[in-house]
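K.L.:
Spelled out from the first residue to the last, the chains are:
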Amino acid sequence: MTPLALYTAAGVGLFAVGLWGVVARGHLFWKVLGINVMGGGIFLILLAAPPRLDPAQADPVPQAMVLTGIVVAVAATAVALGMALRVAARTGLPFLEEDAGDPGSGGGADERGRE
Amino acid sequence: MAAAELLLALALGAPVLLILGWPLVRLRPWTVRLAPWGAAPALLLALVYLADPSIAPAVEAPGVFLGLQLSLDPLGGALLLLTALLWVAAGAYAWWYHHDDPARDRFFGLFLLTMAGNLGLVLAGDVLTFYLSFAAMTFAAYGLVVHRQDDEALRAGRVYIIMALVGEVAILFGLFALGAAGGGLLAFGPELAEAWSRLAGEPGVFPPPEGLEGAYPWVAGLLLAGFAVKAGLAPLHLWLPLAHPVAPTAASALLSGVMIKAGLLGWLRMLPDDLAVPTLAAAVVAIGAATAFYGVLMGLAQDDPKTVLAYSSVSQMGYMAVGTGIILLAPELAPLALTAVVFYALHNGVAKGALFLSVGVGDRLPGRSSTGGDSRGKSHRAEPGHPRRHAGLHRGWLWALRLGIALPALALAGAPFTSGAFAKGALKDALGELGGTWYAVLDPLLLVAAVGTTLLLARFMATLEARIEQTHPDPSTSSPWGLALPWGALVGVGLAAPLWLPVAFPPLDGAAVPSLLQDLTAATLPVLAGLAVAWAVVRRPGLLGSIRKIRVPAGDLLIPVEALVRRVAVPGRTAANQAAWALRRGALRIRTFAESRIEAVARRDPRLMRSPLLGSLLLALVLFLVFALV
Amino acid sequence: MTPVLDWEILPLLVVLSSFVPGVWIMFLQEEQKGLRTTLNMVGAVAKVLLVGLMLQGVGAGAAYEWRLQVLPGLELSLIGDALALLFVTLSAVLWLVTTVYAIGYLEDSPNRTRFFSFFSLCVTATTGLAMAGDLFTFVIFYEALTWATYPLVVHRGTPEAIQAGRLYLIYTLTAGAALVLGAVWFQVEAGTVAFAPGGVLDMAAVEGAPVRYFSLFLVLLAGVSVKAAFFPVHGWLPIAMVAPAPVSALLHAVAVVKAGAFGVTRLLHSLFGIEVAWEMGAAGMVAGLAAFTIIYGSIRALAQDDLKRLLAFSTVSQLSYIALGVAFLTPMAQAGGLVHLVHQGIMKITLFFCAGVLAQTLEVKKVSQMAGVARRLPLTMLAFSVAALGMIGIPPVAGFLSKWYLGVGALDAGAPWVIPVLLASSLLNAAYFLPVIRTAYFDEPDPDRWTDRGHSRRFEADWRLVVPTVITALLALLSGLFGGIPWSPLGWAELIVDRRIL
Amino acid sequence: MILDPVHWTTLAVMGPLLAGLLAMEGRPRAIRLGLVLGMGASVSATAGLWTTVVREGPLRHPLGGWGMPLGIELYADGLSVLMLAMTALVGSAVSLYATAYFGDISQRRVRDSPAGRGARFFAPLWLLLWGSLNGIYLSGDIFNLYVLLEIMGLSAAAMVTLAVTSKATVAGMRYLVISLVGSMFFLLGVALLYTVGGTLSLERLAQLELSGPLPAVALALMTVGMAAKTALFPIHGWLPPAHAAAPAPASAILSALVVKGSFYIMLRLWVHVFGGGAREGLLVLGILGATAVIWGSIMALRQLSLKRLIAYSTVAQLGYLFVMFPLLFPAGGGWSPDAWSGGLYHALSHAVAKAAMFLAAGSMTYAVARDDIRAISGIAHRLPMTFLAFGLGGLSLAGIPPSGGFVAKWLLLRSAVEQGGWGWAVLITVGGLLTLAYVLMVLRYAVDQTEEPPEFRDVPRRMEWAAMGLAIAALLLGIRATETLSLLEAGGIVPWR
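Residue numbers (the working numbering), protein chains in the order written: chain A, 1 to 115; chain B, 1 to 630; chain C, 1 to 502; chain D, 1 to 497.
Take these hints with a grain of salt, some might be off.
A partial selection of chain D residues facing chain A, derived with a Cβ cut-off under 7 Å [unchecked claim]:
(1) 173
(2) 177
(3) 187
(4) 196
(5) 197
(6) 437
(7) 440
(8) 444
(9) 447
(10) 486
Because the hints were derived from the structure by calculation, they are not lab data.
We put the beta carbon where it would ideally sit given N, CA and C, even for glycine.
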């Protein structure tokens, strides 16, 4: 198993775990965390990218990408956490599902029936 | 433009121009005042033409309508004379008759329109002008028929207009076919004849136009039937006995005197000289004869004098149909038969007009100058022929009326030395020339019908007497000179008819003018026989038993027809309504169902927002795409 | 004779002559009555004058054409040829009289600014559509017409009006969608959407794929037939009767339904070509459909008591005469169909004007209330009678000429089955129009059923209502009476057929 | 050197970003200046690029002089310029509108109110978003796209929450989560592509003509990520609440522009990089788009909230953009220029019309202080111009002639008919009718005069005119399309593969 395959498999695994965290868990913190885990998985794949010019030298592009990605991820996490706090403050609960929870509430579907 | 042409244009133009003033409030009084004289130029034209038929005026106005053509030929000239004469007489009559009528303005407006149509169709030089005028006359006359505006008049009007429409439609069908065969507009004469021959086609030489193969008998038949409605040929006469009695007297006179002759003119103008369908021609003769008979029978069973007269018209038109049929059946007899028919038309028109006008005179007979005897008169009213009858009426007027009725009545009956004998003789000649079975069957039949005619006119006099009796508890005080003069003039013209008839329609080549003295007995006998029967009925009531009490409602066959229509129309409409509702309900049900389905699905939309579902959707989509892409 | 003006921009000016006032009025205040009326009248008169110039020019042999490219291969093009002018003249003249009528009719009612604005836009769309030089332009104005008329249909704002407007939109918009689809398809098949005399399709191509071309025809026909009120899709027309009388008049005589009928003409003649259309059976189908609609509309009209509904069903029937005529190959039938475009217009607008006078002056809306109204409104009922008799086809009113040309032309074309249809329709027309005339003239007046709103000194009603009515009635009479002269509608229709620009 | 046309690209990206920084300062004057500068930069850069691209064809700008593989390259072709122009046009109108919508924040009362928050933060966020959008359109490599996508996503989500309701907060949060997940999918795709192709340049990737399972997986991941951001059915659920809850100018931006950003990336990938991919993949997109057209319209018909209705309409209209995919590459091979022009023209006219509608809807809800169709009854008489703007926008959306939507529909239809794609043709037609249905539903309430709205606030003229201007633009797009469409052809239609 080449390192690339290994890293890729691990990265995809992490990505999947992260995705699971985002979609399966209602708590917003989990969601934010999940997104970060997804990002981590991707960075793992990038790190193992094959050298392009000189087989002995790592390709600098993926490294740069990972670095940039981390910066972006931090920023996104900050924004997301800030907004999650605001959600908690406004609705009293750090969840999204309550809004969209039961079918027939929250959506426009039943507005006619309700009003 | 020569003077004759100018006069020709004016003959039709006068009523038309007068009509134009009618809608304008300022001009209307003038229009109405001049309306009775609208036909005067036409009368003048007729006289001028008769004085010198060689002028043969013709006017063409290509821009007007689809190309208006007016012209005069001997046939037209003769009928123009009758038409103009009757319109002038009836106009003058109507002026007095409707003097105090609140709807007078409307009457004269329609009067003018009808007049324009009637004159137009006589003067028409082409098919469409004829049709235009014919239609104008037909529809304007509706207004005259329903003038009284009561239920009876409206019913009569309804029957009139429905039948007239059916007739128009039949005529129009024929015209379409002729137009298509002849390439558009057709002038009477050679152009029309050519259209007919193209329609007939000629085996091996040239086929009829595409789509019109075999249309010839239909076209001829529909034209015949269409004009037969106007002419009142049984069984298409249904409107006639209804419309004539309810129309104002002057209008009845015109309807019976000239307008129904438009049907006759239509036959003569439109149909080909040699109808290639002998059965049809034979049918015309047969139906004509039957109508002559039928009209008499039905007329005898009437109580209203105008209805009696109307049936008499039906019967008389039967004679003219026989003449027309002879022309169609045997083209070589055309000169003779045409003379007979035209004579018949002219004589009948004048006489019938005079008779109708007499009814109005009877309605307005003045009272006696000395009063008294009122109560006595009333007590004896029930007895027919009682000397005290009509007490309270001016005796002189009464007898003048009786005389004025007797003269045209005798003419109609065909008494010797009258125009009737003249016309009948001509017809008999034509029939004789035709010979064969036709002559053998028809001659005696018509003889019997002539007896009937006399009887019918006797019946008319009797019913008129009764009417005068009924409508005059309080006779008017003024003398009806305004009515009597035009009426008298017509009676006079009718009396003189034997003199002017040959001038009005110089017999065509090969036709001998029948002598007045020809066949004196044949003319006298039916009249005498009829009078005898009439006398018997009046004097010996038991003789005919209950037959003389038989009454047929005016319009005879119309009654079952109306019942039938009612029986079909009502359920038909109900069924159609029900079907429409069922369809609507079905559509609604489908719509409700579809809406509820969509609603049920759409309610699930917010679920797509829920995270677990969203996650699986994302993954499924990726897998799907990968699958699709690889 | 040379054209007085041969500006290429003339067709555009004709369109703008109502567009500019329309848009301008939209921004006026309700109380700016004087300016509004002035704009209306100036626009209407200018349009008539411009059209007159074009008529003269086309009569002298000129052709007007204005183009603006929208896309490569698609352009807005306005052409002023004889056929376009037949329709444009009709709309320009009738717009003028209807404007006068509408000013009188809507006296003191609310929302007049909106009304007159869309009124002008409606005519703009109609003239644009009439002069459209290709299907693309036609589609644009066809749809614009829908939107310009909708506010007029719902003008009253009552729930009934809104419902009617809804139905109107459902019908016309669906049809519009079909028309767009068909137009695109046509472009793909034929490579062009330009109208051309004799059509743009190649007979051989059509014969190669008859089913495809027939489907194409059906889609396009579906697009135009809704406005032409052919049988299964006529339902909107009687319901749209809730609109004020001038709107109904315009809708029925000039704008919407005529757009449909004109569309059928263009479809058969300028796109497919009538020979091709016959060959593929499309023209025969149109003729059959039209014939059925003629009878159907008349039968439905029989049962109506509401005067405007009666007139609406009558329109359904009469309109199909146009399609019937132009579907045939013979010049006479085509001239008959084309001229009915004008004849039906002037007769039907008269009838609607009369209905409006009755409603406005006496609040009479039903036939059963009309007993004796002729005594109160003699001129109006005279006009009504003239127009109604014309509808029945009684000479010398214009309607007869159409019928005569149609009948003879159809026989020429070897289609005798048309004759019974024409005649039955005449009978049915008589069956529903004559009772109206009878009751107006010969029944005893029942003033309890009227609410007389008084009248002006000189006329039986507001002169702005009576004068247009009389004018259109006269037009109907005169164009029949003088059908033989070259400048009559019939003469012009024959010119179109003779010049082979159909 | 500094006058080199390539610097228009720099200006387009950096101008709004810097202006955003300026606006962040918070004082009214800074906000106004920022907006003016950002607008000016975008508009002038767009104009400059337009003329350049038309004259000289596609433009490349290696930033700092370093080209691929390591450097960042900006790239402008007809498509980019069209998107820039769309953004500039809509953005300018919305900016104008926003200055009135959020009130004059120099007034103390306004500044302290919750709405004042919106007034302070709208301009910086919007300028940031504008810069990132312009960047996306000009970006020449996929990683850059990711970064700009993130900027776009973050600022867009934040804009939703400018409305202080809990609904808006929750909707914004959900939007953010979806957006981030979408970005992650995209980034995973980028990583995979790089491992396979060893380059980030769109152009270079295209030249590699990648095939095989791994690029397919990468494309699928990127597509799904972008589809989530573009709210393609069935991942559209987040859009209606977010767009409906946002303040009106933000809704206009989100619906008209933001979704187009991710759509643009998808288009580039499918058309330019993968040259159509596989027919089946295109069909999947097309079918999802078709479903979106129907579904979104039906949902729009069921809404009682005005803005929610418009938001669902966005879902439906975006469907057309996906229907474009299978049409672009006809079954028999080849390329359909009609679908290309039509689809992009639809994107353009949708942006203009939808923005007009949202702005008009904003004015209406502003006037009656409620977002309810029934509450706007009779508004046509109070705000005739706004009503007209809404109507014209709606009709353009539905493809009623003469409007931009009509031209777009005509071209799309022509493409469908040419290929014998009758299903697509019928869908486009029916979709137009459904659009009319919900637009008319609103108009009907607006003209209803049976009940007067209880409270009514005067609407600043600037708001009315901004909406009207866009509506008129939507109309004009239909009268003259030649120039815009010829722009798309500048330098060849499919330049790379």
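K.L.:
Against each hint, give a clear statement of whether it holds in the structure.
P.N.:
Now for the hints, and whether the structure bears them out:
1. 173: Cβ of residue 173 (chain D) sits 5 Å from chain A, so the hint holds.
2. 177: At 5 Å from the nearest chain A Cβ, residue 177 (chain D) passes the 7 Å test, so the hint holds.
3. 187: 5 Å, holds
4. 196: 10 Å, violated
5. 197: At 10 Å from the nearest chain A Cβ, residue 197 (chain D) fails the 7 Å test, so the hint is violated.
6. 437: 15 Å, violated
7. 440: 17 Å, violated
8. 444: With Cβ-Cβ at 15 Å, over 7 Å, it is violated.
9. 447: For residue 447 (chain D), the interface hint is violated, since the closest Cβ of chain A sits about 21 Å away, which is over 7 Å.
10. 486: Cβ of residue 486 (chain D) sits 37 Å from chain A, so the hint is violated.
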